[in-house]
Amino acid sequence: MSGKTIVMTSGKGGVGKTTATANVGTALALRSNRVAVIDTDIGLRNLDVVMGLENRIVYDLVDVVEGRCRLEQALIRDKHAGDLYLIAAAQTRDKDCITTQQLVSLCKRLEDDFDYVIVDCPAGIEQGFRNAIAAAQEALVVTTPEVSAIRDADRVIGLLQAADIREIRLIINRINPAMVRQGNMMDASDVLEMLAMDAIGLVPADDRVITSTNSGTPVVYDAQSASGREFVRIAARIDGEHLPLIDPVDETPTSIMDKVRNIMGINRRASAHV
Amino acid sequence: MFTDTTGTQDLVRVSGRGALVNFEIDDSVPLNDACRALREHLGRNRHLYSGGEVIADIGARLLNDADQDRIRKVIESESGLSVKQFWCRSEILERESRRIAQLMEQQAGIAGFPAKRGDPEMTPPEATEEPDPIPKVASNPAVEETHTPGLVTVEGSETYQVPIDIARGNLRAGETRRFPGHAVILGNVNPGAQVIAEGDVIVFGGLRGRVHAGASGDITATILAMSIAYPVLRIADYSWHRDGPSNGNARQSNDGNGPTLARVSNGAIHVAPYLKNNSIDQGGNPNER
Numbered sequence: 001m002s003g004k005t006i007v008m009t010s011g012k013g014g015v016g017k018t019t020a021t022a023n024v025g026t027a028l029a030l031r032s033n034r035v036a037v038i039d040t041d042i043g044l045r046n047l048d049v050v051m052g053l054e055n056r057i058v059y060d061l062v063d064v065v066e067g068r069c070r071l072e073q074a075l076i077r078d079k080h081a082g083d084l085y086l087i088a089a090a091q092t093r094d095k096d097c098i099t100t101q102q103l104v105s106l107c108k109r110l111e112d113d114f115d116y117v118i119v120d121c122p123a124g125i126e127q128g129f130r131n132a133i134a135a136a137q138e139a140l141v142v143t144t145p146e147v148s149a150i151r152d153a154d155r156v157i158g159l160l161q162a163a164d165i166r167e168i169r170l171i172i173n174r175i176n177p178a179m180v181r182q183g184n185m186m187d188a189s190d191v192l193e194m195l196a197m198d199a200i201g202l203v204p205a206d207d208r209v210i211t212s213t214n215s216g217t218p219v220v221y222d223a224q225s226a227s228g229r230e231f232v233r234i235a236a237r238i239d240g241e242h243l244p245l246i247d248p249v250d251e252t253p254t255s256i257m258d259k260v261r262n263i264m265g266i267n268r269r270a271s272a273h274v
Numbered sequence: 001m002f003t004d005t006t007g008t009q010d011l012v013r014v015s016g017r018g019a020l021v022n023f024e025i026d027d028s029v030p031l032n033d034a035c036r037a038l039r040e041h042l043g044r045n046r047h048l049y050s051g052g053e054v055i056a057d058i059g060a061r062l063l064n065d066a067d068q069d070r071i072r073k074v075i076e077s078e079s080g081l082s083v084k085q086f087w088c089r090s091e092i093l094e095r096e097s098r099r100i101a102q103l104m105e106q107q108a109g110i111a112g113f114p115a116k117r118g119d120p121e122m123t124p125p126e127a128t129e130e131p132d133p134i135p136k137v138a139s140n141p142a143v144e145e146t147h148t149p150g151l152v153t154v155e156g157s158e159t160y161q162v163p164i165d166i167a168r169g170n171l172r173a174g175e176t177r178r179f180p181g182h183a184v185i186l187g188n189v190n191p192g193a194q195v196i197a198e199g200d201v202i203v204f205g206g207l208r209g210r211v212h213a214g215a216s217g218d219i220t221a222t223i224l225a226m227s228i229a230y231p232v233l234r235i236a237d238y239s240w241h242r243d244g245p246s247n248g249n250a251r252q253s254n255d256g257n258g259p260t261l262a263r264v265s266n267g268a269i270h271v272a273p274y275l276k277n278n279s280i281d282q283g284g285n286p287n288e289r
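Heads up: the protein sequence lines correspond to chains A and B, in order.
Using the working numbering, you'd call the opening residue of the first sequence number 1 and step up by one each time.
Using the working numbering, you'd call the opening residue of the second sequence number 1 and step up by one each time.
Heads up, a few of these hints could be off.
Just a few of them, taken from the derived set where beta-carbon distance is under 8 Å, the chain B residues facing chain A [stated by the list, open to error]: (1) Glu175; (2) Asn190; (3) Gly258.
If you're looking for bench data, these hints aren't it; they were derived computationally from the structure.
Quick caveat, the model's predicted, so the values are computed rather than measured.
Positions of the beta carbon are idealized from the N, C-alpha and C atoms, including for glycine.
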């Protein structure tokens, strides 16, 4: 088996990288893929919490690269999806304690056993970022429809291209349909035009994400969650399915009749932005 | 307001009043004659002045520091006024700027800046040999750069002397591209990106970042973009910017305008829609702002 390594990055913090990593990883595993997710945010680990695995951590990423444990010992199996594994970040070290070469070597080993290795990148563009992108063949850039997040995403896309990662796709997170309709938030086409990049997912703002994060259960398990459904579609697109992008603004019902049609599953508009 | 033309054959004209007195000094006679006429005028009209600041308008004359000091001393010693500043016609400054830029290029062994259509003084030198290839700056490989040696002629239009560099791709936040000559960007210049060129800058895409044309002081340089949205523009030492929407609506990508041209005119950068029937040599867009 020779899988591929995908880095989940953004530049700006707080846009949903870790949530996206947990959900995309879980959704890929639910599609019968063997998936390993690696938290490289050393010192500020969160991925284990979002996946509900914080109490199962014995060894972490730094233990593996420094040879204190075998790779298999640091792989934590997910509670829900059978073929999903986590390598947690160290909480008490800093991002300079591993080298780019060590992480590249680790990902190469994982690619032999897994279909997908998803690297959760820390915020910023310093050493932690450089480590995280070094082994990746593909990148998913997470941004929100805010000017500051888009600026940082643009910077990160430039750095990814400079690192010769050509397969870069965008996840626009937390799109608020009501704000877009009022003209107070950029819509997806605005963001895509500014970044001149293909999107792989348009994720609506969703309160259920907060609940799922707090409970340690990825939102893809929640069939009622619009964001969960979009993360499932993102995983399908990564897996090679050709699904049209669905703009949350079009998907969100605005009238009672729209709501009725939605319940009946008819007249749902889909629009492709790529 | 009063206008005083004296017996010195109209060599000195004084206009304005209060704090806005303007001395216009004839630019067609030798500087010595102009200074003598100025001294005579001030000697006869000393009673008219009681201190304050004036502006000396020297017309089409281009003075060095020593000559300016000479005029300043005449005015200040004969009248008690102090010279606030010297004014000179903008086209004289532009012409001199072009001349200096040409001299600098010749000294640097690089061929000249583009000849602007209709400007007889700007005939480009003949291309005798190809200039040395210009080293590329290591940067984002997604932006391909090509360097065009030799003379590029657009039939019936402007003739550009190299170097012209073409960057193919989007310039993204954090990127700074320097061009030794004219720059053609086949893509967007995003917010946070910066282009610095010695000559003109043409952006075949949206311009939302920073562009500095004529970076060595060529005020005839122009910036042309397919659309602009809140960029920061610089031409030589002049700068221009437009603030984003104040209502917080961040729909910044909807530039809402078409091809736009920026150039220096009358001491400021003017930005206006680029109209094919209002080329620069025909005065540019009459509605430029």
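Quiz item: Which earlier hints can't be squared with this structure?
Solution: 3
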